[in-house]
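**Student:** Whole structure, please, built from the sequences with the hints as guidance.
Basically the numbering used here = 1-based index in the sequence shown + 6.
Do not rely on the hints blindly, as some may be mistaken.
As the list claims (entries may be wrong) - Derived pair list, reagent style DSS-like, types lysine-lysine, alpha-carbon separation capped at 25 Å:
hint : residue 1 : residue 2
1    : LYS44     : LYS246
2    : LYS132    : LYS172
3    : LYS246    : LYS266
4    : LYS268    : LYS298
5    : LYS151    : LYS132
6    : LYS268    : LYS226
7    : LYS139    : LYS301
8    : LYS268    : LYS74
9    : LYS301    : LYS8
10   : LYS151    : LYS274
11   : LYS151    : LYS266
Calculated directly from the structure, the hints in this document are not laboratory data.
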Amino acid sequence: MKILLTGPTAVGKTEASILLAEQLGAEIISSDSRQCYKYLNIGTATPSEEEQRGIPHYNLSIIDPTVKDSAANFYRRAMAWEQEITNRGNTVLYVGGSTLHQQCIIQPFDDIPDANEKNIEEIEQKIVNEGIKPVFEQLQKVDPKYAGEMDGMNTQRIVRALDVWKQTGRPFSSFHSNDEISAPEDMLVVGLERERPNLYDRINRRVGRMFESGFLDEVKSILERGYTLDDPGLNTVGYKQAVAFLNNELSREQMIRDIKTKTRRYAKRQGTWFRRWDFVHWINADKYSPQKITKKIIEHLAGKSNKGYL
7 MKILLTGPTA VGKTEASILL AEQLGAEIIS SDSRQCYKYL NIGTATPSEE
57 EQRGIPHYNL SIIDPTVKDS AANFYRRAMA WEQEITNRGN TVLYVGGSTL
107 HQQCIIQPFD DIPDANEKNI EEIEQKIVNE GIKPVFEQLQ KVDPKYAGEM
157 DGMNTQRIVR ALDVWKQTGR PFSSFHSNDE ISAPEDMLVV GLERERPNLY
207 DRINRRVGRM FESGFLDEVK SILERGYTLD DPGLNTVGYK QAVAFLNNEL
257 SREQMIRDIK TKTRRYAKRQ GTWFRRWDFV HWINADKYSP QKITKKIIEH
307 LAGKSNKGYL
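**Tutor:** Have a look at this one:
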């Protein structure tokens, strides 16, 4: 059995996933598109060793920020880890909120081509020369489905989608061959949700904790290593605003407001995306503690709960 624990950022997935892994003897594969990057720990809420509590975790802090990652690359890594975990007789627990990463785990991509560096360079140069808007408008013309479903104007995903179109003449969205997505029979998909005001309050408090935990020192350390906002890993909410602050382009107050606002908008887009999946078993995390959430999932696995809300 495989379990995918999803939901918007700051909803409470990490604590619940650790408890669930402890109960089931599971190993966790992060399906987060940012936690895979080295050095970006505080700003991406990567679980610390203490928080992991000895549970094996995969896809955390393994990729240099200069490297472009993709959902297709993640899928290949995840399948290898999944095989290792199941060979040990353990449960695979996917945890995260990155929409495309989770979708490819539920419904694998067709045979999507690897990145074409020449295409990538041309598209990125156009962004430098003209800005992201005309490039996104091109994507809207050639692949309106993917452009409409994308969780925000994500530069990396726009570039990758146009690269695939240039290589194949096919829209990126066509590489998910079935419009109707359904979970595999051997996978339980559980989503955590909260009332929007409560979720937004948690996001605001998480941003506050980031700075209390030394987020700006983390960003300074990354810049001292020679990384810049041109590197894919730093194309991330929080890091962009922090670099602008350190460059005296934003006040501290505006930086914090912008991070909170952009994170809340991202959470809203995540929720819209996940709500299209009618196979998700939802749990209201406002009503239940992480311990109760874990208990409800285990009861469901034992056949004691119905489909829909747990």
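**Student:** If a hint holds in the structure, say so; if it doesn't, say that too.
**Tutor:** How the hints compare with the structure:
1. LYS44 - LYS246: Given pair LYS44, LYS246 holds - Cα atoms ~16 Å apart, limit 25 Å.
2. LYS132 - LYS172: Judged against 25 Å, a Cα distance of about 15 Å means the pair holds.
3. LYS246 - LYS266: Holds: LYS246 and LYS266 sit about 13 Å apart, inside 25 Å.
4. LYS268 - LYS298: violated, 31 Å
5. LYS151 - LYS132: holds, 22 Å
6. LYS268 - LYS226: Holds, at about 21 Å.
7. LYS139 - LYS301: Violated - the C-alpha atoms of LYS301 and LYS139 are around 46 Å apart, more than 25 Å.
8. LYS268 - LYS74: holds, 22 Å
9. LYS301 - LYS8: Holds, at about 17 Å.
10. LYS151 - LYS274: holds, 19 Å
11. LYS151 - LYS266: With a Cα-Cα distance of about 28 Å, the restraint between LYS151 and LYS266 is violated, given a limit of 25 Å.
The structure fails hints 4, 7 and 11 (numbered hints given earlier, in ascending order).
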